[in-house]
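There are 2 protein chains.
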Amino acid sequence: MTAKSQKNWTGDPADLLRVGDGFRLADVDPDSTPGYGGGKKHGAVDLEAGADELDELQERLYAQSRTDATDASVLLVLQAMDSAGKGGIIRHVVGSVDPQGVALTAFKKPTEEELAHDFLWRIERRVPEPGFIGVFDRSQYEDVLIGRVRKLAAAEEIERRYAAINDFERRLTDAGTRIVKVMLHISPDEQKARLAERLDRPDKHWKYNPGDVDERELWPAYMDAYQTVFERTSTDHAPWHVIPANRKWYARLAVQALLLEALEDVDPQWPAATFDVEVEKKRLAAT
Amino acid sequence: MTAKSQKNWTGDPADLLRVGDGFRLADVDPDSTPGYGGGKKHGAVDLEAGADELDELQERLYAQSRTDATDASVLLVLQAMDSAGKGGIIRHVVGSVDPQGVALTAFKKPTEEELAHDFLWRIERRVPEPGFIGVFDRSQYEDVLIGRVRKLAAAEEIERRYAAINDFERRLTDAGTRIVKVMLHISPDEQKARLAERLDRPDKHWKYNPGDVDERELWPAYMDAYQTVFERTSTDHAPWHVIPANRKWYARLAVQALLLEALEDVDPQWPAATFDVEVEKKRLAAT
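Protein chains in written order, with full-length UniProt numbering: chain L, 1 to 287; chain U, 1 to 287.
One or more hints might be untrue.
Taking lysine-lysine and the DSSO-like style, the derived pairs with C-alpha atoms no more than 27 Å apart in a straight line are [unchecked claim]:
1. Lys282(U) / Lys281(L)
2. Lys281(L) / Lys109(U)
3. Lys248(L) / Lys41(L)
4. Lys41(L) / Lys204(L)
5. Lys109(L) / Lys41(L)
6. Lys108(L) / Lys281(U)
7. Lys282(U) / Lys207(L)
8. Lys248(U) / Lys248(L)
9. Lys192(L) / Lys40(U)
10. Lys108(L) / Lys41(L)
11. Lys204(U) / Lys192(L)
12. Lys204(L) / Lys151(L)
13. Lys204(U) / Lys151(U)
14. Lys108(U) / Lys109(L)
15. Lys204(U) / Lys281(L)
16. Lys40(U) / Lys282(L)
17. Lys40(U) / Lys281(L)
18. Lys282(U) / Lys282(L)
19. Lys207(U) / Lys207(L)
20. Lys204(U) / Lys40(U)
21. Lys282(L) / Lys204(U)
22. Lys281(L) / Lys109(L)
23. Lys108(U) / Lys40(U)
24. Lys281(U) / Lys281(L)
25. Lys204(U) / Lys204(L)
26. Lys204(L) / Lys282(U)
27. Lys282(L) / Lys192(U)
Just a few of them, taken from the derived set where beta-carbon distance is under 10 Å, the chain U residues facing chain L [to be verified]:
28. Phe23
29. Leu195
30. Asp236
31. Ala273
32. Leu284
Simulated from the structure, these hints should not be mistaken for lab results.
Each residue gets a CB set at the ideal place from its N, CA and C atoms; glycine is no exception.
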C-alpha cells in the first residue's frame, strides 16, 4: 500500500480479509475492524488521502491503456445483504475517482431477454474495457445466492454455475483484469436498525422495499449460500474478501485499500509519447 | 438558483449564456466571466457549495423516478474544441454527483457498425433513463461539426441533420428530459498554451494527439460550423449555451449553475411511500 493512506493499517487488508482455506463466515464479527489501528476520525482522513492516490492510479491506468498494448483493468464485484452499504461504497469510494475512468453496472432482477440467455450473458456485456475500473453492484453471484435460496433454478444448474463463474473469471484475469470480490458483512441486528431508519425518515422511504423483510427472514439460508460461494469460488486468481461492515467508515476504507492494492499491482505508468515531441512542438508553434 | 451557490452571481447564467436571436460566436470573449461577481477563490467555494446542492437534487431526482410515474431526467451535452476543458467539467462538476445517478457517454469516432446506421442511432441508445443525469462528451453535433468541416457527408445530408437533431431533441424533452447544451469556448491562443503544456509534461503526453494540430488549423471553419449549429439548433426546448472557457474555474461554475437550474426546474420531491409504513414497522419489529 502507498504511504499516506497506509499509516494506520497494522496489517495488509488484502491478506486479513481474504477468504482462504477453512474460512467460516460465521466466525467473522461484523463489528470488527481487522488491521486498522485508527478510529473513525483517522478513518475519514485516511479515506481522503486514499482517494487522491486512487484517482492518480486510475488516471495512469487509463492513460496507459490509451497508447500501450496493455489490457489492464480492475473489476470490483460488490455483494451484500440489503442495507449493508454497497451504495455508500460506490458514492464514497468509487465516487472519488474521475467518472471518465469508471464503468458502473447495477444488476437488477434479470429481464426476460436476459433470462433467455445463459446467466453470464448480461455479465459479459459489462466487463470493463482496458483502462477502466468496472464496478458490479450485484453480479453473477446473484445467480448462486438468491438463485439458490429462492430456488430460481434447478439444483444441478446452480451446481454448474460455480465452475462456470470460475472459468469466466479465469478468462478475465488471463486477459488482464484484476478482480476484487467483496462481500460486505453486516449483522442481522445492524440491518434491522438500518431498515428501521429507512421507515422512520420520509426522505429514506424510497430506499425501503417490503420485500427486504421477506429476504431478511431467509438470513440463515443466505449465509449458507454465501458460505458455499466462498468455498467454491474464492480462487487464487479471483479471491473473495469478506469485509465487516457494521462500521461504514471501516468498510469504505477497506474496499479502498483493496482497490489501491489491485492498482498498485498493475503499477500503471505514464506512457511514452507515440509521436516525436520536438517535431510536434515545432508544428504547434507554427500555427 | 439556490441560496448558497448563487450569492456571487449578479445575473442568471442561463439567460446570460443562452444563444438567442442574433447571437454571434465571434462576439463572445473567451476570457470573460459573464454574471459572476466573485473571482477564482470565491469560485472554488461556490463550486463546493453547488456540488452539495447538485448531489441532493440528483438523489431526489433518482428517488422520484424509482416510485413515481415521472420520466424526468437531465442530459448535459458537451461540445468544444480540443483542450477546452470537457474533461475538467466531467471530473469536477459531474464527478461531485453520486456515480449511481450519472450515465456518461464519450462519443468517439464512429465505428463501422455505427456508420452503417443513421447518425442518431448510437445517440439514441445512450439517452439517459428517468432519474439520471446523462452526460454526452461529444454528441450528435459532431456529425454537423467535424462532419461538415471535414466533409464526411454530402452537403444535403449535413443539411438534413439539423432538422433531424431538432426533432430528436424535441422528442426527448417531450418525454421529460431537460437538455442542457454547452459549448466551451476558448481562444486559439489559450488552446495553443494548453497543447504546449501537454507537450512539455511527460505525464500529459498521452493527452496529446498530432491530429489536434491538424484540427487547430481548421479553427475558422470550425467556428463557422459552430455558428451554424447555434443558428439552426438553439431551440426553445433545447437552447445552446456558450460558456467562455479560458478560465476553467468560471466554466465549471457556469456548467454547474446550468445543471442546478435544470434540476430546480424539475423540482424533484422525495416520493411518498408506496407501502403502509406502520404495517412495515411491525413486520420488521417481528423479525
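inquiry  = For a quick check of understanding: which of the numbered hints are violated here, in increasing order?
reply    = 1, 5, 8, 9, 10, 11, 12, 13, 14, 16, 17, 18, 19, 22, 23, 24, 25, 28 and 30
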